Amino acid sequence: MSNLDIVKPENLVYQKSKVLTENVMHYCPGCGHGTAHRLVAEVIEELGIQDKTVGVSPVGCSVLAYNYLDVDFQEAAHGRAPAVATAIKRLNPDCYVFTYQGDGDLAAIGTAETIHACNRGENITMIFINNAIYGMTGGQMAPTTLLGMKTATTPYGRDQKLNGWPFQVTELLAQLPGTYYVTRQSVHTPANVRKAKAALKKAFENQKLEKGVSFVEIVSSCNSGWKMTPVQANKWMEENMFPKYPLGDIKVDGELVKK
Amino acid sequence: MAFKGQIVIDIERCKGCGVCLEACPMHCIELSKNVNGKGYNYTHTVNDNCIGCASCAIVCPDGVISVYKVKC
Numbered sequence: 001m002s003n004l005d006i007v008k009p010e011n012l013v014y015q016k017s018k019v020l021t022e023n024v025m026h027y028c029p030g031c032g033h034g035t036a037h038r039l040v041a042e043v044i045e046e047l048g049i050q051d052k053t054v055g056v057s058p059v060g061c062s063v064l065a066y067n068y069l070d071v072d073f074q075e076a077a078h079g080r081a082p083a084v085a086t087a088i089k090r091l092n093p094d095c096y097v098f099t100y101q102g103d104g105d106l107a108a109i110g111t112a113e114t115i116h117a118c119n120r121g122e123n124i125t126m127i128f129i130n131n132a133i134y135g136m137t138g139g140q141m142a143p144t145t146l147l148g149m150k151t152a153t154t155p156y157g158r159d160q161k162l163n164g165w166p167f168q169v170t171e172l173l174a175q176l177p178g179t180y181y182v183t184r185q186s187v188h189t190p191a192n193v194r195k196a197k198a199a200l201k202k203a204f205e206n207q208k209l210e211k212g213v214s215f216v217e218i219v220s221s222c223n224s225g226w227k228m229t230p231v232q233a234n235k236w237m238e239e240n241m242f243p244k245y246p247l248g249d250i251k252v253d254g255e256l257v258k259k
Numbered sequence: 001m002a003f004k005g006q007i008v009i010d011i012e013r014c015k016g017c018g019v020c021l022e023a024c025p026m027h028c029i030e031l032s033k034n035v036n037g038k039g040y041n042y043t044h045t046v047n048d049n050c051i052g053c054a055s056c057a058i059v060c061p062d063g064v065i066s067v068y069k070v071k072c
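Chains as they are written, first to last, in the working numbering: chain S, 1 to 259; chain X, 1 to 72.
Check before you lean on any hint, since a few could be wrong.
In silico DSS-like pairs for lysine-lysine, Cα to Cα no more than 30 Å straight-line [said to hold, decoys possible]:
#1 S:K208 - S:K259
#2 X:K71 - S:K18
#3 S:K8 - X:K33
#4 X:K38 - S:K16
Derived from the structure by calculation, the hints contain no laboratory data.
What you are looking at is a predicted structure, and each value in this text was computed from that prediction instead of being measured.
Build out the structure end to end from the sequences listed, making use of the hints.
Now the structure itself:
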């Protein structure tokens, strides 16, 4: 059978979601943001909620997320996406509202908004991309940066005495009674992408239950910030990030998962 | 029962990150020596081993790969 016989509409098994726009993403080659955007788009398409989904984009690399996802979007001030999402969800309870934030936005400047939105148990979905660095501004140290990791502002490696410990914000939020579903995923291999998609789908479906925040952390690589090739960065992430940020569900249906 | 697949790559959107090369179990994909309009070495298929598993497409950050699959 020649290859031309295979490429027919009836044989199509995978293509880019229609919720993604045709714009070329501005992200660096190999960035996890692209995969995460694609998964969000696929979940929105599969649930059939494109016309009643409202996203809130952060400040950071994903500030232009509204160019790529064909749903209603609101841009929030740095770190204030959960507060904006709270207002949107309270005024439009039938809408599916999600925030899409990086670690500098959610875990540094927006810590107060994040913790209080989770503590109030707002009925929203929060997507947290953790790449342990401030990618957009040139690779400075973020609260999630690993000990010993070299960044633009910690050229000799992060020192605990000077800079403190890496901030495991996801474990912290899981302790709050306002969160209903808390999980940590990654998007660097096909198996992990499938798990992350299932987690995102559950996080969006939970909004119907009105039980609280669904929080999905996606551990991602920042190959430009880490000064590696995309494939090297994924390997480095497996070896160094996963011991500190282990993958898996942390809280399911309001109950902490025992390990 | 075996499957035969074929991928179609939108080379102008491809950024040549190489994540799909690692994901492909049949080693069908390589980076081209040629570049696209943005100067990236885009990916292309080098043999007919593709089984249509779509692993390359689901890890592609830019969603440039479409996958077709038939039973044979």
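These are the hints, each one checked on the structure:
1. For the proposed pair K208 (chain S) and K259 (chain S), the alpha carbon gap of about 28 Å is at most 30 Å, so the pair holds.
2. A threshold of 30 Å between alpha carbons decides the hint, and for K71 (chain X) with K18 (chain S) the separation of about 26 Å falls inside it, so the pair holds.
3. As the CA atoms of K8 (chain S) and K33 (chain X) are separated by approximately 28 Å, the hinted pair is consistent with the 30 Å bound.
4. For the suggested pair K38 (chain X) and K16 (chain S), the alpha carbons sit about 21 Å apart, so the restraint of at most 30 Å is met.
Every hint, counting from the list given before, is met by this structure.
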